[in-house]
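J.: Those protein sequence lines, which keep their order, are chains A and B.
For what it's worth, our numbering labels the leading residue of the first sequence as 1, then goes sequentially.
For what it's worth, our numbering labels the leading residue of the second sequence as 1, then goes sequentially.
Treat the hints loosely; a few may be bogus.
Chain A side only, calculated, beta carbon under 8 Å to chain B, not exhaustive [said to hold, decoys possible]:
#1 Ser-88
#2 Ala-458
#3 Leu-468
Residues of chain A placed beyond 12 Å of chain B at every Cβ, according to the derived structure [what the hints assert, rightly or not]:
#4 Ser-41
#5 Val-242
#6 Val-243
#7 Gly-248
#8 Leu-286
#9 Gly-296
#10 Pro-413
#11 Val-486
#12 Pro-503
#13 Asn-548
#14 Lys-626
#15 Ser-678
#16 Lys-680
Partial selection, computed: residues in chain A whose CB lies under 8 Å from chain B [to be verified]:
#17 Ala-67
#18 Gly-471
#19 Val-504
Calculated directly from the structure, the hints in this document are not laboratory data.
A virtual CB, placed ideally from N, CA and C, is assigned to each residue, including glycine.
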Amino acid sequence: MTAVDSRFVEFEGEHAESTPFVRKYLFSTDHKIIGIQFLISSLLFMIIGGSLAMLVRWQLAWPDAMAALHPVPLLGKWLNWPGGVMPSDFYMMIVTMHATVMIFFVVIPLLVGAFGNYLIPLAIGARDMAFPFLNGLVFWIGMPAAAIMLSGFFLPAGAAQTGWTSYPPLSAIHQAAHWLPYIVPVGFADRLADLLRVHNALLASPWGLTPLLMVFVGFALVLGFVCVNSFRLGIASIIASVVIIFGGAFLLTQGVQYVAYDGQSCWFLSLIILGTASTLAAVNYLTTIITLRCPGMDLFRMPLTLWTLFVTSMLVLLATPVLAADLLMNLLDHQAILLGNSAYRLTSFFEPSYWVNSNVPQANSGGGYALLHQHLFWFYSHPAVYIMILPAMGMVSDIISCFSRKPIFGYRPMVYATCAIAFLGFTVWAHHMFQSGMNPTLGTAFSLATFLIAVPSAIKTFNWLATLHRGNIHFAVPMCFALAFVCMFVIGGLSGIFMASTPVDAYVHDTYFVIAHIHYVLFGASMFGIFAAIYFWYPKMFGRMMSNWLGYVHFILTFVFFNLTFFPMHILGMEGMPRRYAGYLNISLFAGLQPMNQFITMMAFSLGVSQIFFVINFLGSWIWGKKAPANPWLSNTLEWTDASSPPPHGNFARIPIVYRGAYEYSSPLVAEDYLPQSRKL
Amino acid sequence: MFPPSINFSHYYTPTDSHPWAFLAMSWWLPQNHSATGVEIDRLFLVIFVICAIVMLLVFLLMGIFLWRYRHRENQRATYTHGNTRMEMAWTITPAVILLGLAVWSTKVWDRYRIADAEPPADAAKILVIGQQFKWNIVYPGPDGKFGRYLVFPKDSDAKWPDGSKFMNYTGPRDVPAEQVQSVIGQYIDQVDPLGKDFDDPDGKDDDWKSSLGRAMDVPFGRPVQILLTSKDVIHSFSIPEFRVKLDALPGMMGTISLTPVGDGTLSSDRAKLNRQRHSLDEIAEMLKNPANADVLIAIDESDKSEGAESTPAGWRFATTDSHHHKVTIMRDGMGFFVSDDPKRDTISRLKAIGVKSAMVYRPGYYDIVCQQLCGQGHYTMQGEMYVISDQEYAEKYEGKK
Chain A
1 MTAVDSRFVE FEGEHAESTP FVRKYLFSTD HKIIGIQFLI SSLLFMIIGG
51 SLAMLVRWQL AWPDAMAALH PVPLLGKWLN WPGGVMPSDF YMMIVTMHAT
101 VMIFFVVIPL LVGAFGNYLI PLAIGARDMA FPFLNGLVFW IGMPAAAIML
151 SGFFLPAGAA QTGWTSYPPL SAIHQAAHWL PYIVPVGFAD RLADLLRVHN
201 ALLASPWGLT PLLMVFVGFA LVLGFVCVNS FRLGIASIIA SVVIIFGGAF
251 LLTQGVQYVA YDGQSCWFLS LIILGTASTL AAVNYLTTII TLRCPGMDLF
301 RMPLTLWTLF VTSMLVLLAT PVLAADLLMN LLDHQAILLG NSAYRLTSFF
351 EPSYWVNSNV PQANSGGGYA LLHQHLFWFY SHPAVYIMIL PAMGMVSDII
401 SCFSRKPIFG YRPMVYATCA IAFLGFTVWA HHMFQSGMNP TLGTAFSLAT
451 FLIAVPSAIK TFNWLATLHR GNIHFAVPMC FALAFVCMFV IGGLSGIFMA
501 STPVDAYVHD TYFVIAHIHY VLFGASMFGI FAAIYFWYPK MFGRMMSNWL
551 GYVHFILTFV FFNLTFFPMH ILGMEGMPRR YAGYLNISLF AGLQPMNQFI
601 TMMAFSLGVS QIFFVINFLG SWIWGKKAPA NPWLSNTLEW TDASSPPPHG
651 NFARIPIVYR GAYEYSSPLV AEDYLPQSRK L
Chain B
1 MFPPSINFSH YYTPTDSHPW AFLAMSWWLP QNHSATGVEI DRLFLVIFVI
51 CAIVMLLVFL LMGIFLWRYR HRENQRATYT HGNTRMEMAW TITPAVILLG
101 LAVWSTKVWD RYRIADAEPP ADAAKILVIG QQFKWNIVYP GPDGKFGRYL
151 VFPKDSDAKW PDGSKFMNYT GPRDVPAEQV QSVIGQYIDQ VDPLGKDFDD
201 PDGKDDDWKS SLGRAMDVPF GRPVQILLTS KDVIHSFSIP EFRVKLDALP
251 GMMGTISLTP VGDGTLSSDR AKLNRQRHSL DEIAEMLKNP ANADVLIAID
301 ESDKSEGAES TPAGWRFATT DSHHHKVTIM RDGMGFFVSD DPKRDTISRL
351 KAIGVKSAMV YRPGYYDIVC QQLCGQGHYT MQGEMYVISD QEYAEKYEGK
401 K
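Extracted from the complex, chain A is given alone in its bound form (with noise of 0.2 Å):
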């Protein structure tokens, strides 16, 4: 694979014709069909993470013994809970499990897989990316990563139960199945299995049909991937492709059944192929928007998504090899081998000496350090919390920009705060273990380190606002989102303060605070960001206008049921009612929390069914939306000025030269109130 040069070269559009289907939309090298597909599989995503975060709730407003009056609906009586009561260790689960598919399966991919792809080459005017196999590849990783992740609810322990910070020795424990006695056979496979009384046969570990058809599909798609953008069409290669695929897969989920047995393996092995996969498409990005800008695009003439997604894929490059050495280390102490009776660990790097499970020492455990996971892991996840908030930075100034009709202000001082964010993100990773029995003096530097941070994402702020004032602000779905991100973006960042201040930490540290502050950046901020950024880019990627009435409804419900929602939380938090309990009432000082509770699970529901005006407009107005134009929203950058709505194959008929920076709003050399990047004067 090399770096297609092609600034100067014009495009022959026959190729687009005569690309097969199956290449062109399914195991595409296309940088839009990628975004599109990780935009889709991420919406998809949502949806799991979304019900398990209802499932959350439920329990949280009907724990215990009020359960009896409220059992769990649907899931209470499928999986034979007595009395519809949630067992607390399938509450960890979900609770594990909404966490890890929300950020690393649906917010992740959404900023940087859906939209760094889509709008990467479109905005620097390239054809594609500099390795377009390798994009294509690092999205069909994501699918054996999602299947074995998935998995994990098929095993008969369930999936992990740790928390997404899965912190070790408790993550090197073996899941038992406590509501195993409760549960069903896990899904129609098995039963099929059970019918053709294939089952104990085939099943000689505990995983089951339906996961290993799961795991299966996945390897099957990346390898088919491969094939297809490897072999010319012809009799000989599909015979060839066939047995690779089904070859290469069927062995490959052999290997994953021994390398994961229980809900906490899979997500370890899970995580190391997604972290690996991320790691290769940053390297893809930086290439990319290095080598194949345009003539004339220089760096600082790069709008700020795009500078957002060049920083964030630095974030990547340097922090998710460090995650997933620390996930190796986590899977091999995971695993044991029997010798007799006696069950032995293969390492210890998390375990220390006489570590005691249940009144078992553990034999060969010794000199491990657990604290040394949780340093690896927020070295990693605190710089992912800017992956996970830079881009819709960017993309919301992009916004804010456009339907004020004004340049955005201080570009540079923007690009200055997102470097620092980047910087100093890497400096920062100890205020998540102020309380976690590391030395007090290190909290010194990391708090002093956190509260810098806290600077340049006010510059940022007071940048939105000035870019604001003395506008002619229209007030699109996309504006009404990202005005929406600035204020939910404040509060997320000033109750951040709180943590940076070692003292006061000591009290809200793991409390419902920290879950309010951490929805208001992750919800409030990206999530609303990228909702923005999908009413801005959705007449782009595909050709339709959304409908407006849909979007304002979806965005007022949505506003109002999030602040109802995670607002309390911050209240719970000051009244100290930690995190990750199944259960508030048999504590005294928790339990008249109770009506809070209740109050905040409505709400949540109701945010949850908001999300249905998202998805009818979705998907309705890519069948029934008006035809987009090219250049809806007046906007200056070049995916919207010399593309048609939506690019086709090799995105521009001759690339584009840019002449000036992205911000030309109400600029005094034009009538018109935009004067496009690509425009000669």
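Starting from the structure of chain A, add chain B where the hints point.
T.: Relative to chain A, chain B alone:
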């Protein structure tokens, strides 16, 4: 006998509340009972005020801009790319404020975690060992020193730690290899759950035998140094009303301190009210003491006066829900609420609707909760802390008469 079932739901069974019932709750931190907590609360308040001002300022400005500069016919935005002076202003101002907060935080932190790690010689010491899903509370005895703990027998040891025979084996080395792990497990279960080093002279007088899940007593007005570790996974030792929180790490020893101070902090004062029926006048008198803030009040049919026409039928419960004397009254899942701050005067409103007396529930202990996910029983991992007088503590745990 401990552990008693501290299941509050026995006498406190909330039903579905009115959607807006939470408005009657306290919206501020629970009352603090520790010396360091005073500083933490003050810092919290200052950060809260600063954040509230910044938030309102940003929202106000945004509101004004959105209204003032909304799109109108023939309006053109001002063409500007920025203003370096403004950028400097809104970079330096937050930086100065944040640095100030950072310095103040560090000062409090130094006292709270670094200076308190070496408390005065008269400090009471307590060793807390977390395990799934209980806290072990160990007192050092008259010598004020702890022996070694969490030194569990290994396969290769010739003798059991306490020197006796166990299951006819003189030591783990004699046990056949295929059984050794389970025999050691049983030994830990039955004889030595904390892995005590029986040879350590400092540990001879330790009060450790009934440590599992017992209540923790602390002396009033004296610094208490809590040594914290864990047997299996990471737990977090947290007492919200004392602003104390630290993770208990297997293989490491942490230190955290608290000094119980303030009126009504003694557990016996708190317990006086517990599970007694009081008239509303008595309750009003009690509520005047700030330490009695977090009192639960339950009202049922028998609390009503006979001819109280305005009383809604089917009382379920009422609560002065923690800390600010607020009273929530629920009935049949619909409920309404009244509040006891002086302006709204709950007590007289309760009287007005025909309530004569109420049952007062308020445990005499402080909740110890685990705030680090430690397994499926995580949410049941709770303990009780009692604040007893210094003298009682010295007699009970330090062998002083």
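J.: Decide, hint by hint, whether the structure agrees.
T.: Do the hints match the structure? See the list:
1. Ser-88: 5 Å, holds
2. Ala-458: Given a least distance of 4 Å, the restraint on A:Ala-458 holds.
3. Leu-468: 4 Å, holds
4. Ser-41: Correct as stated: the minimum Cβ-Cβ distance to chain B is 29 Å, above 12 Å.
5. Val-242: 45 Å, holds
6. Val-243: 45 Å, holds
7. Gly-248: Non-interface label on A:Gly-248 holds, nearest chain B Cβ at 38 Å vs cutoff 12 Å.
8. Leu-286: The assertion about A:Leu-286 holds, with a minimum of 27 Å to chain B.
9. Gly-296: Per Cβ check, A:Gly-296 is outside 12 Å of chain B; nearest 18 Å; holds.
10. Pro-413: 5 Å, violated
11. Val-486: Per Cβ check, A:Val-486 is inside 12 Å of chain B; nearest 7 Å; violated.
12. Pro-503: 4 Å, violated
13. Asn-548: 15 Å, holds
14. Lys-626: Nearest chain B Cβ is 21 Å from A:Lys-626, so the label holds.
15. Ser-678: Since the minimum Cβ distance to chain B is about 19 Å, A:Ser-678 lies beyond 12 Å and the statement holds.
16. Lys-680: Check passes; 20 Å lies beyond 12 Å.
17. Ala-67: The hint is violated - A:Ala-67 has no Cβ within 8 Å of chain B, the shortest such distance being about 11 Å.
18. Gly-471: 5 Å, holds
19. Val-504: The hint holds - A:Val-504 has a Cβ within 8 Å of chain B, the shortest such distance being about 5 Å.
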